[in-house]
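Participant: Each chain, written out:
There are 2 protein chains.
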Amino acid sequence: MKLKLFGISVAFMLMLGSQAARGQTAQPDIIAKQHVFEAPSFSFQNGRTIRNLRFSYETFGTLNAAGDNVIFLPRSYSANARVAGKVTPADAAAGVWSGLIGPGKVFDTEKFFVVASSSLAALPTGDRNTVTTGPVSINPDTGKPYGGSFPIYTIRDMVEADRLMLQSLGVKKIHTLFGVSMGSMQGFEWSVTYPDMVARHIALLPMPEADGFLTAWMNTWSQPIMADPNWAGGNYYDKTPPTAGVVQALNVIHLHQRNRSFGAKDGRKPAEGSVNPSNALEGRFATEDAMIKASEARARIFDANSIVYGARAMALFSPGGKATLEEAFAPVKASTLLIPAKSDILFFPAYADNARDVLVKLGKKATVFAIDGDGGHFDGVFKIGQALPAIQAFMAE
Amino acid sequence: MKLKLFGISVAFMLMLGSQAARGQTAQPDIIAKQHVFEAPSFSFQNGRTIRNLRFSYETFGTLNAAGDNVIFLPRSYSANARVAGKVTPADAAAGVWSGLIGPGKVFDTEKFFVVASSSLAALPTGDRNTVTTGPVSINPDTGKPYGGSFPIYTIRDMVEADRLMLQSLGVKKIHTLFGVSMGSMQGFEWSVTYPDMVARHIALLPMPEADGFLTAWMNTWSQPIMADPNWAGGNYYDKTPPTAGVVQALNVIHLHQRNRSFGAKDGRKPAEGSVNPSNALEGRFATEDAMIKASEARARIFDANSIVYGARAMALFSPGGKATLEEAFAPVKASTLLIPAKSDILFFPAYADNARDVLVKLGKKATVFAIDGDGGHFDGVFKIGQALPAIQAFMAE
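Residue numbers (numbering that gives the first Met the number 0), protein chains in the order written: chain F, 0 to 396; chain W, 0 to 396.
It cannot be assumed that every hint is accurate.
Each pair may be met inside one copy or between any two copies, as identical chains are not told apart.
Stated by the list, open to error - Using 27 Å as the maximum straight-line C-alpha spacing, the simulated DSS-like pairs for lysine-lysine come out as follows:
| no. | residue 1 | residue 2 |
| --- | --- | --- |
| 1 | Lys172 | Lys32 |
| 2 | Lys292 | Lys382 |
| 3 | Lys171 | Lys363 |
| 4 | Lys321 | Lys268 |
| 5 | Lys332 | Lys363 |
| 6 | Lys341 | Lys382 |
Honestly, the hints are just simulated from the structure, not real lab data.
This is chain F alone, in the form it adopts within the complex (with noise of 0.2 Å):
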């Protein structure tokens, strides 16, 4: 395991913020066990190859000898494998899931073998347990970083990605499938391309294809940082990065992330120290700086290239590459489990229905639970708790 030293560990609670460990119950924290997978080459699905494939992935409990007791979780947007527990007994903050993964838990690591990757070009590349493969890793071929000559990768090669590491493993079959956010469009990949590999889908914040919406939205995600002159189309690893465009980028991610729950008090105060932004344009609000200083803390820890190249293959996915869903998912064998939070702004609750909707028709099992709230997408992270017996009944299926 490469340990980045100036990475911290607080990445993801960053991430997802300071009520992430809710849930979790007063036993000592697991301690999870991190691998790194390696392959000698990878082919993308724009027909590109790169050499030394490279990824860490987390495991808890033991595979089975028929290797069908696992639990997959394949990384979201901004996180890596990175998901319960502990690495080290001292680390200041357990994983975001720990509330779901130990003994005795939803996903019971006395029972099931749990795995979490950090596939290609996860974000936070700043943070010491990620290992991945993405425009930051050194191309072989010219000893330099790749930047913005990485292939461009698709929700697909995330899939071929994983694939070759759990075969690795000698995994046979996944018996849930926990995918969250952009791990749900891998989670409806699997189901599409490897049908026979996967018993249970739980689609968390779903996305089953990219619509127009969300691919017009990712352009204002990637936008602010290829418009900053430090970008230097990617190619920024020895130089001054493109930090003000990422502070831009995450700002609007953010507010993806958390509808108007966000700042809902005392939002329109002038931040502490500031001018009063009545009196000049340079002025800014409580809300404004809380969220530009949390912007700056996931700057510090995510590489640029690896955000515009996450946002493109949000906007570049269909399920098969298939025109619609009714096509892409005929296919299926798993049953879905879908789980959208109602306040969503960005991944809408009405595309976990139709989804439901297109695999009911076709035949497959299929069924939605709605998170309630005002928090948006991250109330699929902070009140999982509302979902927890609707898992429960569906793994027991």
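Given chain F's structure and the hints, the job is docking chain W onto it.
Facilitator: Just chain W now, with coordinates in the frame of chain F:
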């Protein structure tokens, strides 16, 4: 009336989409009367004073002797006083509210004196129908445009500027204030500050006060412009304007206005003439391309500083400067009809419900009529037909 030759009259059709003329009958277009209001000086809420306030307003019909048959339309964020009919019969397009304003229409110009204002710092300074005092105006003290030295203005300042204009016409009382989006903020401010002046307030796409969520989003409208090196602190009028920043800002604004109806069809196809986005970061999707081209068209007409100043005015808004709506709404005498769009992702219907609840609790008359649809904020324009019976009933009370 100052005519800007480089302006184009289709500004508002671009802004509001091609369906804007819907709801118009086959009657010939009415002709709007355009005027310019002038005052020797104007004092802002933050204490600053400017000389030579000038802005255009548009009228239809005739003021009665009592001065109380007035329907007033304060300007919305990206609009000016151009609201209905045409200025000359040769104009390419009629104003967006042509379906509502005219002889025998809901705002019956044979009965009412209809007034619309360009007020302070209207955005479309490149439109020949805009006269407005804002950053682009010449500061008589320096002989140069104000640029970034223009005073930060507030919703209250817009109300004061309009009040001077209405007073100059002999208006004693507003029968119905029709405030759209940012115009609804002015409607709330009017009702709170001049309760005896407003009999009825129709708040279309209402925002009763800025919460922290809106305030933070306003940062994402301003930052792309302020981060563009060509912005130069707002002093770009004799140089290259910050067009790239304006396009980025307008992209975000565009998506806020549209919701997921935008680009739902064929959105993730590559744009015509673009590299395939699967192969290169500079590749563009069809939706992205449509959004960017719409923003580029608006960028030719909209002043960058005015976008920034308008966003600040919205972020600063609390009616009457009060901390809570309960305090703010205490003096209100107007009846209020709140018309949110159900799928609005920024001006949430919940805000309208909350304002109604507060008003009713205080013993005021207030009702909500929510427009159905998946078109977001723009449903308030394109689907206003749904609300016409409610508006008619409200005006007859």
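Participant: Within, between, both or neither: how does the pair Lys171, Lys363 come out at a Cα-Cα threshold of 27 Å?
Facilitator: within (22 Å within a copy, 67 Å between copies)
Participant: Checking an output row: Lys321 and Lys268, CA cutoff 27 Å. Within, between, both or neither?
Facilitator: between (49 Å within a copy, 12 Å between copies)
Participant: Regarding Lys172 and Lys32, is the shortest C-alpha distance of 27 Å or less found within a copy, between copies, in both, or in neither?
Facilitator: within (21 Å within a copy, 73 Å between copies)
Participant: Are the CA atoms of Lys292 and Lys382 at most 27 Å apart within a copy, between copies, both, or neither?
Facilitator: within (24 Å within a copy, 40 Å between copies)
Participant: When Cα atoms must be at most 27 Å apart, do Lys341 and Lys382 count as within-copy, between-copy, both, or neither?
Facilitator: Cα proximity of Lys341 and Lys382: in one copy and across copies (11 Å, 24 Å).
Participant: Quick one: Lys332 to Lys363, C-alpha cut-off 27 Å, is that within a copy, between copies, both, or neither?
Facilitator: within (7 Å within a copy, 57 Å between copies)
Of the hints listed earlier, there is not a single one the structure fails to meet.
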